[in-house]
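Trainee: Take the two lone chains, each set in its own frame, and fit them into one complex as the hints suggest.
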Amino acid sequence: MRLARSHVLVSIDIESVASGAWEVLKRLKEEISRRGLLEEIKVLETGTLGVTGLGVVLAVYPERIYYGKVKPEDCPRIVEEHFLKGRPVQDLIIKEEVVRAVRRDLIGPMREQKRVVLENSGIIDPEKIEEYLARDGYTALEKALSLTPDEVIAEVKKSGLRGRGGAGFPTGIKWEGARKASAMEKFIICNADEGEPGTFKDRLILEGDPHKLIEGLIIAGYAVGARKGYIYIRGEYALSLHRMHKAIEDARKYGLLGEDILGSGFSFNLEIKEGAGAYVCGEETALMESLEGKRGNPRIKPPYPTVVGLFGSPTVINNVETLANIPAIIRKGADWFRTMGTESCPGTKVYTILGDVNFPGLIEVEMGTTLYEIIFGYGGGIKGGKKFKAALVGGAAGVFLPESLLNVRMDFDNLKQYKAVLGSGAILVMSQEASIPKMLHSVLYFFRHESCGQCSPCRSGTRELYRISGHLLERKGKAEDLNTMVKLSEALWYSSLCPLGQSLIMPVKSALENFREEFLPLVQ
Amino acid sequence: MEKVKVLRKYPPKRDNILLILHELQRLNPNNYLTEDDLRLVSQYLSLPISEVVGVATFYSLFSLKPRGKYLLRVCKSPACHLEGAVSLLQEIKNYLGIEEGDTTDDGMFTLETSECLGHCAEAPAMMVNDEVFTKLSEESVREIIDRLRRS
Ligand SMILES: Cc1cc2nc3c(=O)[nH]c(=O)nc-3n(C[C@H](O)[C@H](O)[C@H](O)COP(=O)(O)O)c2cc1C
Ligand code: SF4
Ligand code: FES
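Chains as they are written, first to last, in the numbering used here: chain A, 1 to 524; chain B, 1001 to 1151.
Bound-form chain B, shown alone (with noise of 0.2 Å):
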């Protein structure tokens, strides 16, 4: 099984937690922990499971409930609030008809802010998935979306 692999790259140290979560979160078509997983991490570095719920939860790259095919998230530190982060956010919230945190019905897309993303000198940025877009205008977002919707 694939987790089990993922498992045995790392040898059996708390150490490598964060590693671990990281591979099984990408694992995961809908790019989340599940309980499952969790419980292997429990049992494989030999931790309580309520220690790595807490490890898991303190950080915002990991999440516990399902979300979409893509993850945007969209930059709203300083500079890129400079240069229009609110609107650009709330442009997409009108083209994919959700809220922050949530996921479209289709399971397409889940839209989340991030704080800087180090790619001020372009922004407005946000990632999708493992990828950065900047410089972006209401239309490119809208245009990325389409792109991402019949890929």
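Extracted from the complex, chain A is given alone in its bound form (with noise of 0.2 Å):
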């Protein structure tokens, strides 16, 4: 089982409608079927695809093929030849300049999006170095290493990367922290822990397009003066795991890895890790830890990673989609890199977009791009023409936001103005049929699960709002629970030692004051 691997959209409004749209819908859906291609195909009404004059219009997602003036006994045709053999039906395609001039008004898969760390990704054969290498790969690295150290550092700061794994901490400035540290051995470590519940966006990378993570590591080990790095996959990610051995293994066979790389004198090597299902490990200095073989519990900090990192010696630590930037911008330019997002987070942002939404999935977009665009534009609006009652953004350890504010355009610190976080990226969509309650609960069971017992606030904290939580839902709350759950959260965020235990005050206060009129019915 797997996702569809194609979208049809069929266009339904007056013209086509007039020319045929239903029957072609049903001639299609009945095709389809009779070839056992229901799990693979999926069939799609939409309103208009914007072409007008060429009567019923096919859309076909990923391939973007356009068909025109299709009629009911085309439907064999299309199914047979493009579906079941990849041959797309050429006397039925319509012109690219039409589809291009209608493209970004369009909603779902079909719509424009801005790919920068997911260019390649379903495009290229990830298990092939050369196909990497043929869509520019690694030159962004041989330009890198025609740079000293400094410059790579000072163009990655000049183009405002900020850090993807959730807090959007200043790379450049990261790096540089480690460069200057003096030691014998420094080290880079890219986060690929991805546990944030709704958050795959990594895993994509790592499965779609693993030398640009590669080649994202080694330019960072270059500019911080590090001579290894390792990749910190969990443990349930089996083909990443996979995918990222093959490509270390490929990458060390064209002398892109290991002693002297390309000539330059410089020599960098990798190491894989895999973890073992504990979210809190997705934590920095968890991470160091359980890297170093221990049990993930977190450190103090300070002192912070870049002077006391893995082993004791100063570590840049970065999150997968942090370091796919990292090409693209060595390669094009910080200036480049400005002209998309926002003057404070220039770039793109991967969001997966999940719950009660049309098209489930993964989009990559400009910085500052809207809530609303990114659920009615790109997930497709409420599944079933509902209506939207919530979004939680930003994973578990992510705010409950309401209707009022989908206007708001995501960025790091934009968000922070109305107590939210962009966090991993993750948008999971309520409709009104959703309990916030309910929702809230789950949230809740996760970090009762997760904490990992270190400090007690969090350990007890998490159980006793879990506990107050399902009180409630069972009727047996009071009408004092619902503050006593917001002062705990208030508690844990003064007093956890590490940002799982603080950062449940983020779900917990926005559901409870967001959705207050929910919660009420169940104390009384």
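Derived from the structure by calculation, the hints contain no laboratory data. All residues carry an ideal CB built from backbone N, CA and C; glycine is no exception. There's no promise every hint is true.
Said to hold, decoys possible - Okay, derived cross-link-like pairs now, DSBU-like style, lysine-lysine, Cα gap no bigger than 30 Å in a straight line:
#1 A:Lys128 x B:Lys1009
#2 A:Lys42 x A:Lys383
#3 A:Lys294 x B:Lys1065
#4 B:Lys1009 x A:Lys294
As the list claims (entries may be wrong) - Every beta carbon over 12 Å from chain A, so not counted as near; a handful from chain B, in silico:
#5 Val1004
#6 Asp1036
#7 Lys1069
#8 His1119
#9 Ala1121
Mentor: This is the structure:
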């Protein structure tokens, strides 16, 4: 079982209906079913596709092929040739110019994205290094090695790239910190522990374009002065582990990893470590403990990893998406990067859109895109024509946002104004039918389960919050329980040792404040 | 002996402990780490046995008690929750006649829950050993279980 291989959108508007759109739709579905392709090819009705004068229009994604003047009797041919044999039916295809003119206004997977880190995902064969090389792969590395490490850092600083792992810390400044630390040995770590519920963007980079990550890591190593890097991948990601192992092996064969890379005198090696099922290990210091072979309990900060990190040495730890931005920044320059996104948060962001939307999935768009556009443009709006209720933005450690905040422009700083976070970029959409108290309960279950138990406020606080919320759902709650929950999460914010315990305040407060009317009946 | 071969693949340094534990667990037909495994690791890495046990028990992918041939891990995180993970879990419990954390009498299946598996756009999801199954329904999990039973 897998995501549908292709989506076919059938335009349903006055013009197309008059030309027989319903008949085409019916016939298309029959043919797809007859060929046993129901699991793989999904047929969707949509409003107008924006093309006029061409009768019934079909759009096939991800191929981005448009068919026009389609008649029911064309359907067997389209299914047989295109979906079964992979040969689009040339005489029905609409000209590219016509299509390009309308694409921006489209919804769902057809809508125009800005792909930087995902530019190759789904397009190249990730197990063939040659395909990456053919698309300018490793030319950024070549360029970086011709610059001094300080020049590389200056470019990354100038680009304004900020960490995509959740906190949004400026990447260039982090690198500079580690570069300036004096030590015999330094390390680069790629945080690929991706455990934030609702997030799988890093998985698609690991699986879809592993060499981009490797290239970013080597450049980081060169800039910081590290000769060794680690990729810490969560144990559940079997395919990611497989692809990264293969990619490292191939890069080594091409002399892109190892001693004296491309004759530059710079040597760098990469090793993969496999996590074993602990969300807290995504926290950078816990990850280092785990990587050293210990229990994944977070360390007390400061000292920060750039000063005392892995095995006590200065260490840069970056998220997968952060590092995947590096090759393009070096290749095309900081000024190019700054043409995308907002002033304080340049570039793109990868989001996962989930829950009650028509097109759940992964998109990459410019920083600053509104939540409305993400949910209704790219996500195609709420399933079954229902009403929007809430979006949990940023994963479990995120915020329940109400309808009134749909027009917020999404970037690290702007969301802060609304006491929200961009976090991992997960957007879980809930329709009018979802119950916020139940969703909050599920979030609290997650925290109770994942608290590492090292410090007592978080250990007992997460348990207590889960218990109270369970009571509420069983209608055994008391009026003061709602305030107790807020107070408890505030106490965790002040006194927990690491951000896991501290961040519980986000979902708890936002649920209770923005959706109070759903909790009140539970305590009456 | 196969276990010794696994150990030899890695230099005897502590930071290899998770990789070694993963491999030893995979070798075991019952999907768990035996006392013998833990002792071997402790000797090989020159660590007190208590340290090895401490590490093994911290991580949810390791088990110190025998599990079934097929390990079902059903995701209970919010996106799957929204798509009906709770009733799905109940259906599996009924169908296998076991509770969460238990193994069927024939030693075929162990039922566990898990946090987000990173397949949330195709929720609800579960893993069976290393394989991910998505867009599950009550019928499809029954089918999957039947198929595994026959294989
Ligand atoms: C509980 C917890 C879990 C985290 N999980 C991840 C993760 O899975 N991946 C990640 O890149 N960062 C995660 N982070 C953030 C990291 O601590 C760290 O900020 C990040 O890896 C830095 O990389 P960046 O600067 O490129 O964003 C997590 C933080 C916390 C507190
Ligand atoms: S806040 Fe929670 S997760 Fe963080 S160290 Fe304390 S117990 Fe562990
Ligand atoms: S929430 Fe279940 S796979 Fe992500």
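Trainee: Checked against the structure, which of the hints given earlier come out wrong?
Mentor: The structure conflicts with hints 8 and 9, although it agrees with all the remaining ones.
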